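Enquirer: Make the full structure from the sequences, and use the hints.
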Amino acid sequence: VSGGFKFSRLFFVSSFECGFSPVLNSVSSFSVSVMRLLIFFLVLDVEVVLLLNCFSLSYDYGVGLGMYYLLFIFFVLLGFFFEISCGLVLFN
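Counting from 1, position 55 in the sequence shown corresponds to residue 55 in UniProt numbering; the numbering is continuous, with no gaps.
If you're looking for bench data, these hints aren't it; they were derived computationally from the structure.
None of these values were measured; they are calculated from a predicted model.
Even for Gly, the Cβ is constructed at its ideal location relative to N, Cα and C.
Be a bit skeptical, because a hint or two may be false.
Unchecked claim - So the derived label-pair ranges between C-beta atoms look like this:
no. : residue 1 : residue 2 : range
1   : Met-67    : Ser-33    : 33 to 41 Å
2   : Leu-51    : Phe-81    : 34 to 42 Å
3   : Val-34    : Tyr-68    : 31 to 39 Å
4   : Leu-51    : Leu-88    : 15 to 23 Å
5   : Ser-33    : Gly-66    : 32 to 40 Å
6   : Ser-33    : Phe-80    : 16 to 24 Å
Expert: Quick look at the structure:
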């Protein structure tokens, strides 16, 4: 087999994907900062879904729309206070 591509052992040992090394630690735990970031994006996704749904609700319904806007503002404020508690928002 001449001219073929040869894999070295270093190629398999140095595998590093998505921030985790599968060779060195088979059981790796998330750090607290990664969990905070995941929760932040989860709250942000809920806010975006509620915002996108506002347009269809305002077209179809007019009565329950006020409660829907209050729910949206609640999630926005919840995300903002979570960012403050994590230290992501700093006031000088």
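Enquirer: Would you mind marking each hint as holding or not holding in the structure?
Expert: Status of the hints after comparison with the structure:
For Met-67 paired with Ser-33, a C-beta distance near 35 Å keeps the hint of 33 to 41 Å intact. For Leu-51 and Phe-81, the hinted distance range of 34 to 42 Å is not satisfied, since their beta carbons lie about 18 Å from each other. Checked against the given bound of 31 to 39 Å, the beta carbons of Val-34 and Tyr-68, roughly 32 Å apart, stay inside it. Our hint of 15 to 23 Å for Leu-51 and Leu-88 holds, since their Cβ atoms are close to 20 Å apart.
With their beta carbons about 38 Å apart, Ser-33 and Gly-66 fall inside the hinted range of 32 to 40 Å. Look at Ser-33 against Phe-80: about 19 Å separates their beta carbons, and that is inside 16 to 24 Å.
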